[in-house]
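S.K.: Protein chains in written order, with the UniProt record's numbering: chain A, 1 to 313; chain B, 1 to 313; chain C, 1 to 257; chain D, 1 to 257.
Mixed in with the good hints, there may be bad ones.
Stated by the list, open to error - Only pairs whose alpha carbons sit at most 27 angstroms apart, straight line, appear in this in silico DSSO-like list of lysine-lysine:
id : chain 1 : residue 1 : chain 2 : residue 2
1  : D       : Lys61     : D       : Lys4
2  : C       : Lys73     : D       : Lys42
3  : C       : Lys84     : D       : Lys4
Calculated directly from the structure, the hints in this document are not laboratory data.
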Amino acid sequence: MNRLAVKLPGLSLKNPVMPASGCFGFGREYAQFYDLSQLGAIMIKATTLEPRFGNPTPRVAETPSGMLNAIGLQNPGLEKVLSEELPWLEQFDVPIIANIAGSTMEDYVQVAKEISKAPNVHALELNISCPNVKKGGIAFGTIPEVAAELTKLVKEVSEVPVYVKLSPNVTNIVEMAKAIEEAGADGLTMINTVLGMRIDIKSAAPILANRTGGLSGPAIKPIAIRMIYEVSQAVSIPIIGMGGIQSAEDVIEFFYAGASAVAVGTANFVDPFVCPNIIEELPKLLDQLGVEHISECTGRSWRKSGQSSYCGA
Amino acid sequence: MNRLAVKLPGLSLKNPVMPASGCFGFGREYAQFYDLSQLGAIMIKATTLEPRFGNPTPRVAETPSGMLNAIGLQNPGLEKVLSEELPWLEQFDVPIIANIAGSTMEDYVQVAKEISKAPNVHALELNISCPNVKKGGIAFGTIPEVAAELTKLVKEVSEVPVYVKLSPNVTNIVEMAKAIEEAGADGLTMINTVLGMRIDIKSAAPILANRTGGLSGPAIKPIAIRMIYEVSQAVSIPIIGMGGIQSAEDVIEFFYAGASAVAVGTANFVDPFVCPNIIEELPKLLDQLGVEHISECTGRSWRKSGQSSYCGA
Amino acid sequence: MIRKEQMSIVAHERISDNIYRIVLTGDLVDEMNNPGQFVHVKIGAQAEPLLRRPISICEIKQERKQFTMIYRKEGLGTSILATKMPGESLDILGPLGNGFPLEAAEEGQTALLVGGGIGVPPLYELSKRLVEKGVHVIHVLGFQHKDAVFLENEFAKLGETYVATMDGSYGIKGSVTDVIAEHNFSFDVLYSCGPKPMLKALAQAFPNQNVYLSLEERMGCGIGACFACVCRVPNSDTAYKKVCSDGPVFKAGEVLL
Amino acid sequence: MIRKEQMSIVAHERISDNIYRIVLTGDLVDEMNNPGQFVHVKIGAQAEPLLRRPISICEIKQERKQFTMIYRKEGLGTSILATKMPGESLDILGPLGNGFPLEAAEEGQTALLVGGGIGVPPLYELSKRLVEKGVHVIHVLGFQHKDAVFLENEFAKLGETYVATMDGSYGIKGSVTDVIAEHNFSFDVLYSCGPKPMLKALAQAFPNQNVYLSLEERMGCGIGACFACVCRVPNSDTAYKKVCSDGPVFKAGEVLL
Ligand SMILES: Cc1cc2nc3c(=O)[nH]c(=O)nc-3n(C[C@H](O)[C@H](O)[C@H](O)COP(=O)(O)OP(=O)(O)OC[C@H]3O[C@@H](n4cnc5c(N)ncnc54)[C@H](O)[C@@H]3O)c2cc1C
Ligand SMILES: Cc1cc2nc3c(=O)[nH]c(=O)nc-3n(C[C@H](O)[C@H](O)[C@H](O)COP(=O)(O)OP(=O)(O)OC[C@H]3O[C@@H](n4cnc5c(N)ncnc54)[C@H](O)[C@@H]3O)c2cc1C
Ligand SMILES: Cc1cc2nc3c(=O)[nH]c(=O)nc-3n(C[C@H](O)[C@H](O)[C@H](O)COP(=O)(O)O)c2cc1C
Ligand SMILES: Cc1cc2nc3c(=O)[nH]c(=O)nc-3n(C[C@H](O)[C@H](O)[C@H](O)COP(=O)(O)O)c2cc1C
Ligand code: FES
Ligand code: FES
Chain A
1 MNRLAVKLPG LSLKNPVMPA SGCFGFGREY AQFYDLSQLG AIMIKATTLE PRFGNPTPRV
61 AETPSGMLNA IGLQNPGLEK VLSEELPWLE QFDVPIIANI AGSTMEDYVQ VAKEISKAPN
121 VHALELNISC PNVKKGGIAF GTIPEVAAEL TKLVKEVSEV PVYVKLSPNV TNIVEMAKAI
181 EEAGADGLTM INTVLGMRID IKSAAPILAN RTGGLSGPAI KPIAIRMIYE VSQAVSIPII
241 GMGGIQSAED VIEFFYAGAS AVAVGTANFV DPFVCPNIIE ELPKLLDQLG VEHISECTGR
301 SWRKSGQSSY CGA
Chain B
1 MNRLAVKLPG LSLKNPVMPA SGCFGFGREY AQFYDLSQLG AIMIKATTLE PRFGNPTPRV
61 AETPSGMLNA IGLQNPGLEK VLSEELPWLE QFDVPIIANI AGSTMEDYVQ VAKEISKAPN
121 VHALELNISC PNVKKGGIAF GTIPEVAAEL TKLVKEVSEV PVYVKLSPNV TNIVEMAKAI
181 EEAGADGLTM INTVLGMRID IKSAAPILAN RTGGLSGPAI KPIAIRMIYE VSQAVSIPII
241 GMGGIQSAED VIEFFYAGAS AVAVGTANFV DPFVCPNIIE ELPKLLDQLG VEHISECTGR
301 SWRKSGQSSY CGA
Chain C
1 MIRKEQMSIV AHERISDNIY RIVLTGDLVD EMNNPGQFVH VKIGAQAEPL LRRPISICEI
61 KQERKQFTMI YRKEGLGTSI LATKMPGESL DILGPLGNGF PLEAAEEGQT ALLVGGGIGV
121 PPLYELSKRL VEKGVHVIHV LGFQHKDAVF LENEFAKLGE TYVATMDGSY GIKGSVTDVI
181 AEHNFSFDVL YSCGPKPMLK ALAQAFPNQN VYLSLEERMG CGIGACFACV CRVPNSDTAY
241 KKVCSDGPVF KAGEVLL
Chain D
1 MIRKEQMSIV AHERISDNIY RIVLTGDLVD EMNNPGQFVH VKIGAQAEPL LRRPISICEI
61 KQERKQFTMI YRKEGLGTSI LATKMPGESL DILGPLGNGF PLEAAEEGQT ALLVGGGIGV
121 PPLYELSKRL VEKGVHVIHV LGFQHKDAVF LENEFAKLGE TYVATMDGSY GIKGSVTDVI
181 AEHNFSFDVL YSCGPKPMLK ALAQAFPNQN VYLSLEERMG CGIGACFACV CRVPNSDTAY
241 KKVCSDGPVF KAGEVLL
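Can you make the complete structure from the sequences, with help from the hints?
M.R.: Take a look at the structure:
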């Protein structure tokens, strides 16, 4: 038995660790460091219908135990992702989760329809919560009805299961999650970045050219844990958790909170080997904790023993 | 001229640096370390009508560059604060901002009415955003109409200006701020703690007995800066900024974002001398930045030169 | 008086398993009086780890302006602490809290000192002071296993010393309460520091005796300002004591365990 | 190939004002070839400071498996870096990016090397390699003021060296472009690293010449994955180059400054 294998809608993962969208490009750079087939899955960079340049630089700023980014969804556009990036990724034995974004519902629907046909795309991740784009993005991620509507439309056209990525920048994350579950989402991924800002002392100007950006990294881990803890108790679809994961211990904390798999974002920049290292450490940690299979950890912080939750093993 | 003196409704401060509520008790402990008259003001611990024990322990947990707390508004109650704590503080030449909390609107009104009569209480701070109490607290802080209603009721009875403390755990902080301004608040204080959680790896249980808690410290600084930046452009009442301040540089960053004074919370635990140290460093930093008076810094990140904002000097 | 000082590391060594002894020097030692007090350590100037770490004072050498702490490498803070080298400095706030009451034991009387695991260190300075005063001391020290045992020899020099390990890999097999039950010691005062279940067991075993217990609690400020470390007192819904400033040592029965 | 290694600090000294020279050793040096490449430094294992810091390779001693970086103490990361002692180790990712094209200058030709402030270091290995190859080098180095000047003697050993300071407190008063205008140097290739305004001025001054510029940008990954460090290329709304992996050295005109 593979103690790390998990099954989620559309995804049969050899382990529950995958790079988070936007923090791994389309995998090319990290393929210099290790065989991408080691990964549970890969969440590729947000793809939009047309190519986008994104925001002016500076696009990143550091914060205590975190970073802000305002990349602005730079990507080569649907066509190139379909013709170049996804085929290149086929050499690896790893399912792809395609992160998609747009300015209008139609954008999402078009991208979803096409990209879900790619042979190695096993699931979609709707980025309804990118704080760094003027249109779309954030609005989809903060109004339950809008998010539900978008989910429905995408579900209608997608050939693979649809995960929706929640924004933490809301008063009531449970309400969002429930609306999206009811609209037919197959799973949730959470959390996207937290809105933040830094100002340069010398110039008195925001460090990011875009002024505000999305906070990621260890600083937001307690926010992610809290939200996953609450949402996992309120929905019955699985959650792929993310936000500040750096170590195998962090992965277990996310599982205990209620995640069934995890994604690692910012930590890839700090250590390009972080994903394979975590995958290597996990079985040892399970031994220490006396846990047979990682899926047993899902929701353990709130689950009374015996009570079932989405488990997927 | 005192380069650090600022004037805010009800408050003539010799400098804009004060300890944040709940991070300084009623001042007694810190009076061992320095003369409290050095401080711009003191925000005392939340006072409720009746004494409260608060939550079970553990009440704090550490996070990357931050901490979670779930004290649960422990305090000796209005009567004791009036008869013991406030009179004790009269020996210092420092205005007190009384942080008040309650489970019902009536609670707030009663506490506000009585405590605002104390001779050294120069302003009230309505804690409508404490995430660590079951009733009241958070609900007041997330629904604009409720916050506005509470503000009005307190304004009616208070003998001193009323500041309202905003919760960051909302989708739209500007909407909250505007509703509170319209309801007659004299100023805003922001931000309170961000909801978060940590789970112990060994026990699989939340570290805090209360499960969730409020995240404070440097980790939340970019969140505070972003919110103050947005709110200060949307309202014309002054903002006392807080959230992760540790240094004179941080103070300037908050001013640039739009604050007219600042409060220091968690950093007092790390260094009991942090407030007087910052007060000492500020004039040197102003020299380096070529700034005459600290109030010139307010809103500089968004203010075009010449454009006025709340300044209060 | 509580002070904050950048103190220099004089010596630093691993003394068993994950246990380290660190000797610090500075003027702050002048303020140290009571065995059982602790200091609050800021490990590094960065924001991570953010909070100070409470560590007990294990030994005080006032003449040399030195004091010793013994700590277990547990999590992030103590792991970084373990890498510090002599010559480096550490930001210390202290001494904090109230220690064990020496005056509770009179010359010629017997004190039973019971330590569990990382609760052992503060008993060392206590024992030295009691012995100085002419009090007869008996030490009962409990550890998880053989490799975790430390300070045995030092205690043995001061008085009768019994070591127990849970797995029997060293000394007597069992808990400190097993040892005490077996030997049926007679004593005038009992001083203890260790895990809460052990303290509870002791309080229950000797309900009518002079028992002092040193508690642990997660702390924010360490000086009484933040209300992180409160414990309840009997027969009240709102009364409390703070472990950091009212404790960490309490008379059994003074607070609810 | 890019590698990640815990490299040992061999030497570390302050060489002027806030400028430090650090020598590191490890196998990663085997991979270093092109002057103008950089490494990405993780300063301490903690989450703060979180991101790596890009620092140019200043000198490579392949035989000894050593390389040198020269950096200015600026903010949090470099301030902590400045406290590291020989014997400690540093987590290095590199070598990153593409360096200055040595092949652009042929034996017997003249190369003008123009450095501004903390842009000076990468030109040192470049100059050494050019001189080895028989290229005639002229160095023009600009600094804010006298106390900020460094590496002058080292460069002087390799070729003609002009130093300018903005306040005239040392060398020629003015900017590097002032020096170049005044001397009217003739050259075959110009290599430069320094603040963007300086690079812009050079590109404008020599529109039809062989000019290579090393750019700076705030970085996330340093390896091309995060899109933090992109710059625009002429005549396109969506085309881009990444400073970290396509640069940091670009031919003038290749990207918009
Ligand atoms: C009054 C007092 C005296 C102590 N004396 C000693 C001593 O002499 N030797 C020794 O080894 N340990 C002692 N401890 C326990 C010691 O404080 C913790 O082991 C230490 O804080 C763990 O820090 P960490 O960074 O390694 O662990 P982490 O788990 O990374 O710490 C995370 C947070 O939890 C807190 N924390 C974790 N464990 C404890 C604990 N057991 N008690 C209080 N806070 C905790 C930390 O202070 C920190 O804020 C004492 C605790 C108290 C309250
Ligand atoms: C390709 C390249 C080569 C460089 N080579 C050198 C060198 O040889 N010597 C040297 O002294 N400096 C060099 N720099 C600049 C150096 O990276 C910054 O001075 C350093 O990152 C500042 O870090 P800090 O923690 O001290 O400052 P902080 O202000 O605390 O840094 C905060 C964040 O901003 C980033 N940042 C701040 N300033 C810069 C900058 N100028 N460029 C890029 N990122 C920045 C940091 O990397 C960090 O992520 C180089 C930069 C680049 C891009
Ligand atoms: C530089 C950067 C780019 C990102 N781009 C995307 C993106 O294109 N689509 C998306 O859904 N999330 C994006 N994210 C968010 C991450 O996928 C992740 O949700 C977030 O960073 C929290 O995880 P972390 O703390 O591990 O980084 C990006 C994050 C970073 C730091
Ligand atoms: C231990 C603790 C107790 C607090 N108690 C209160 C309180 O009683 N009333 C209140 O309005 N805010 C309270 N706060 C919030 C702080 O006043 C402040 O808004 C917040 O901590 C952010 O600032 P900081 O990052 O500087 O700590 C408390 C914070 C902490 C850490
Ligand atoms: S730790 Fe703050 S009151 Fe005890
Ligand atoms: S720094 Fe990440 S792409 Fe260049």
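S.K.: With a cut-off of 27 angstroms on the C-alpha distance, tell me whether D/Lys61 and D/Lys4 pass.
M.R.: Given that 27 angstroms is the threshold and the Cα spacing comes to 18 angstroms, the pair holds.
S.K.: Is the Cα-Cα distance between C/Lys73 and D/Lys42 27 angstroms or less?
M.R.: holds, 24 angstroms
S.K.: Is C/Lys84 close enough to D/Lys4, meaning Cα to Cα at most 27 angstroms?
M.R.: holds, 25 angstroms
Every hint, counting from the list given before, is met by this structure.
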